[in-house]
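A.B. asks: Throw the hints in and build the complete structure from the sequences for me.
Going down the list, the sequences are from chains A and B.
All residue numbers for the first sequence refer to our numbering, where the first residue is 1 and numbers rise by one.
All residue numbers for the second sequence refer to our numbering, where the first residue is 167 and numbers rise by one.
Hints are computed from structural coordinates only; laboratory data are not their basis.
Careful: at least some of the hints might be erroneous.
To be verified - Distance ranges between label pairs, derived from CB positions:
#: 1; chain 1: A; residue 1: Arg68; chain 2: B; residue 2: Ala381; range: 29 to 37 Å
#: 2; chain 1: A; residue 1: Ala107; chain 2: B; residue 2: Pro170; range: 14 to 22 Å
#: 3; chain 1: A; residue 1: Arg69; chain 2: B; residue 2: Pro394; range: 16 to 24 Å
#: 4; chain 1: A; residue 1: Asp44; chain 2: B; residue 2: Val392; range: 38 to 46 Å
#: 5; chain 1: A; residue 1: Lys93; chain 2: B; residue 2: Pro357; range: 23 to 31 Å
#: 6; chain 1: B; residue 1: Gly407; chain 2: A; residue 2: Arg69; range: 30 to 38 Å
#: 7; chain 1: B; residue 1: Ser324; chain 2: A; residue 2: Ala66; range: 33 to 41 Å
#: 8; chain 1: A; residue 1: Arg144; chain 2: B; residue 2: Ala328; range: 47 to 55 Å
As the list claims (entries may be wrong) - Reference listing, derived: stretches of chain B covered by chain A, where coverage requires no fewer than 3 residues with Cβ under 8 Å from a Cβ of chain A:
#: 9; stretch: 168 to 178
#: 10; stretch: 181 to 192
#: 11; stretch: 195 to 202
#: 12; stretch: 391 to 398
C-beta: ideal position from N, C-alpha, C; glycine also.
The chain contents come next:
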Amino acid sequence: MVDRYLDFVARVLRNAGTPEAEVDDDVQRTFIAVANRLDDVRPDAEKSFLLQTALRMAAHARRTLARRREVHDSDAQLRIQTPLQPEQMLDQKRARELLDEVLEQMAIELRTVFVLYELEELSMTEIAATLRIPQGTVASRLRRARADFRDRVRALSGSTHAEVGS
Amino acid sequence: MSDPTRLLSSPESELERALLDAGRSYTASSSMRSKTLLALGLSAVATSTAPAAVAASSSLTKAAFSKVAVAVVVIGAVAAPVWRYLGHPASSAPVTKAAVVAAVPALPPPAVVESAPAPVAALEPAPIAAAEPQPSTPARTAGSTRAAAKPAAAPSLSAELAALDAARSSLSHGDPAAALSALDGYNRDFPRGRLKTEAEVLRIGALAKSGQGEAARKRAEAFLRVHPDSVLASRVRSYAGL
Numbered sequence: 001m002v003d004r005y006l007d008f009v010a011r012v013l014r015n016a017g018t019p020e021a022e023v024d025d026d027v028q029r030t031f032i033a034v035a036n037r038l039d040d041v042r043p044d045a046e047k048s049f050l051l052q053t054a055l056r057m058a059a060h061a062r063r064t065l066a067r068r069r070e071v072h073d074s075d076a077q078l079r080i081q082t083p084l085q086p087e088q089m090l091d092q093k094r095a096r097e098l099l100d101e102v103l104e105q106m107a108i109e110l111r112t113v114f115v116l117y118e119l120e121e122l123s124m125t126e127i128a129a130t131l132r133i134p135q136g137t138v139a140s141r142l143r144r145a146r147a148d149f150r151d152r153v154r155a156l157s158g159s160t161h162a163e164v165g166s
Numbered sequence: 167m168s169d170p171t172r173l174l175s176s177p178e179s180e181l182e183r184a185l186l187d188a189g190r191s192y193t194a195s196s197s198m199r200s201k202t203l204l205a206l207g208l209s210a211v212a213t214s215t216a217p218a219a220v221a222a223s224s225s226l227t228k229a230a231f232s233k234v235a236v237a238v239v240v241i242g243a244v245a246a247p248v249w250r251y252l253g254h255p256a257s258s259a260p261v262t263k264a265a266v267v268a269a270v271p272a273l274p275p276p277a278v279v280e281s282a283p284a285p286v287a288a289l290e291p292a293p294i295a296a297a298e299p300q301p302s303t304p305a306r307t308a309g310s311t312r313a314a315a316k317p318a319a320a321p322s323l324s325a326e327l328a329a330l331d332a333a334r335s336s337l338s339h340g341d342p343a344a345a346l347s348a349l350d351g352y353n354r355d356f357p358r359g360r361l362k363t364e365a366e367v368l369r370i371g372a373l374a375k376s377g378q379g380e381a382a383r384k385r386a387e388a389f390l391r392v393h394p395d396s397v398l399a400s401r402v403r404s405y406a407g408l
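C.D. replies: Structure representation (structure tokens):
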């Protein structure tokens, strides 16, 4: 199970808001939590169980990060204004940073649906089951999440072009 | 209700494509797998419960047998890779589901899990598994493609893991002196090892089991100062009696 789902768990944690430096520990916590609950996991539902556990881990990590930022950090809006050079567009590390910034600004319920649908390619039926919400709610959140994501990427792209062009 | 086409199928800009690609292509670090397996394996060191768990499972009543059978199927997914990775031949892995569950008893579930409603209720009736075609699930396709392309762990990491497994094995067989010797060897061979944290946890356990309780306690306190939130923290406390 570790071999099969390691990347999946790490990716969900990261995209759902676990800081990079904490992904290692939360991956371990996720698998340990599942190992502790094997009695409760249907053999064909391991992935679902891991996903739900990882989402809760990420929620906890986001709350911790938010508390830390109240004390130490800064305005995400400022960080997203960092100039983006054209040659950096396809740089994976830079793209990851920008994705983090865009996702961080999305409402959490929209972010979760967006990540599960657009990045994990779960179906809306699967997302509804995982989050225990009606499919109509998933569809509505997804619609808003996609619009929100695109708006933010357009704004990022626009500000970038303006800065680069100036 | 049909699912809309994914944004990545028709991104409206290169930036959007790059961001979505970045989100999909995130993979576990090269050391994450080892650390995860070791975290599960390390827990077994302290309890050394595998034989007991086997004995316990053999005393289960016939009525419970079907559940055990299901359990063995489940545990195979988790325990076998762990067991094999830690150097045991697959054919002789005396691991049961109970063994793996027992392997992590002192590690409390994360607070987030404890405080959240149990996911079981959602999982039991969850249609997600049924709606999840195994080979063609897009998410799995995304992950497995990368997994297939991902190179094996660097030899040095395997060597590190083998060295720590020697220490773990000695410890679980009641030979903490040999474990300490193996850990000294690890420090010599891998002065900047990626599994130093795990090695330190093993050392604390070996010191405690060799009657050097005070040394174990001091190292445990130092460990907890540096890694207060480590997944291994509760294990360290347990070793040192903190």
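A.B. asks: Go check the stretch 391 to 398 of chain B versus chain A for me, would you? Three or more residues, Cβ under 8 Å, otherwise it fails.
C.D. replies: Result for this restraint: holds, n = 3.
A.B. asks: Quick one: are Lys93 (chain A) and Pro357 (chain B) within 23 to 31 Å, going by C-beta?
C.D. replies: 28 Å, holds
A.B. asks: Does the stretch 195 to 202 of chain B contain three or more residues whose Cβ lies closer than 8 Å to a Cβ of chain A?
C.D. replies: Held - the stretch 195 to 202 of chain B has 6 residues with a Cβ nearer than 8 Å to chain A, which meets the minimum of three.
A.B. asks: I want to verify a distance hint. Is the separation of the beta carbons of Ala107 (chain A) and Pro170 (chain B) within 14 to 22 Å?
C.D. replies: 19 Å, holds
A.B. asks: Taking the CB of Gly407 (chain B) and the CB of Arg69 (chain A), does the distance hold inside 30 to 38 Å?
C.D. replies: At 37 Å between Cβs, range holds.
A.B. asks: Can you take a look at whether the stretch 168 to 178 of chain B is actually covered by chain A? Rule is 3+ residues, C-beta closer than 8 Å.
C.D. replies: holds (count 6)
A.B. asks: According to a criterion of three or more residues whose C-beta lies within less than 8 Å of a C-beta of chain A, is the stretch 181 to 192 of chain B covered?
C.D. replies: holds (count 11)
A.B. asks: Is it true that the C-beta distance of Arg144 (chain A) to Ala328 (chain B) lies inside 47 to 55 Å, as the hint says?
C.D. replies: 51 Å, holds
A.B. asks: Quick check on a hinted range of 33 to 41 Å for Ser324 (chain B) and Ala66 (chain A), using CB atoms only.
C.D. replies: Check passed, 39 Å falls within 33 to 41 Å.
A.B. asks: Are Asp44 (chain A) and Val392 (chain B) spaced within 38 to 46 Å by their CB atoms?
C.D. replies: 41 Å, holds
A.B. asks: Please test the hint of 16 to 24 Å on the beta carbon pair from Arg69 (chain A) and Pro394 (chain B).
C.D. replies: 19 Å, holds
A.B. asks: Within 29 to 37 Å: is that where the Cβ-Cβ distance between Arg68 (chain A) and Ala381 (chain B) falls?
C.D. replies: 34 Å, holds
Hint violations for this structure: none, all hints satisfied.
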